[in-house]
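Engineer: Using the sequences provided together with the hints, build the complete structure.
Just so we're aligned, residue 2 is where the sequence shown starts under my numbering, counting upward by one.
Among the hints, a few may not be true.
Across the chosen pairs, the derived CB separations fall in these ranges [unchecked claim]:
id, residue 1, residue 2, range
1, K77, Q104, 17 to 25 Å
2, S124, Q104, 24 to 32 Å
3, R110, G68, 12 to 20 Å
4, Y116, A62, 13 to 21 Å
5, S106, A62, 28 to 36 Å
6, A143, R82, 12 to 20 Å
7, G119, A140, 14 to 22 Å
Each computed DMTMM-like pair below joins lysine to aspartate or glutamate, with the alpha-carbon atoms no more than 25 Å apart [as the list claims (entries may be wrong)]:
id, residue 1, residue 2
8, K66, D81
9, K77, E152
10, K66, D80
11, K77, E67
Derived by calculation from the structure, the hints in this document are not laboratory data.
Ideal Cβ positions, reconstructed from N, Cα and C, are used throughout, including at glycine.
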Amino acid sequence: MVSHLAQAAQSLSTLQELYMADAQMTRLAWWEVLALLLGWMLGQQVAWGAECGQATYFTVASCRKEGNSGIMASGKPLDDRAFVCALPHRRFGGWYRVCRADQPSACVRVQHLDYGPGRGPRSRGVIVDLSAAAFQAFAPLAQGVIPVTVEVVAE
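Structural biologist: Structure below.
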């Protein structure tokens, strides 16, 4: 147990060094550091290229409420049962792995077909909008926001 604690402390020190070395890296929240350490201690692989933040969800109804027809920016219609996401770039079609930051083994694979989240949510730390089905794989829609990591699987 002592050796695991020493290794965890060394990993935390390494994380802090990486954070300080890259001025453009976003600030890690306490639960993100904990998720990385727990994942490492339990043998889970956590990619260093993964982006950490919050996820929300979008539905056909919410799209219509905002004034669009439910057609995503990629030109495809949104299906609430599909595992798709909206990211703040327009390289549509790529596949991403989204994992709950507080449960690293809870992951889904989603296809990027829409542009989002909006500037308001992004300023509050939302890095991805998930379809209803993808979000519900992690939590009930009523929860609204969950901590996640997002990494590229294939572009």
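Engineer: Please go over all the hints and tell whether each is borne out by the structure.
Structural biologist: Hints and how they fare:
no.	hint	in the structure
1	K77 to Q104: 17 to 25 Å	30 Å, violated
2	S124 to Q104: 24 to 32 Å	26 Å, holds
3	R110 to G68: 12 to 20 Å	30 Å, violated
4	Y116 to A62: 13 to 21 Å	19 Å, holds
5	S106 to A62: 28 to 36 Å	31 Å, holds
6	A143 to R82: 12 to 20 Å	18 Å, holds
7	G119 to A140: 14 to 22 Å	21 Å, holds
8	K66 to D81	15 Å, holds
9	K77 to E152	23 Å, holds
10	K66 to D80	16 Å, holds
11	K77 to E67	17 Å, holds
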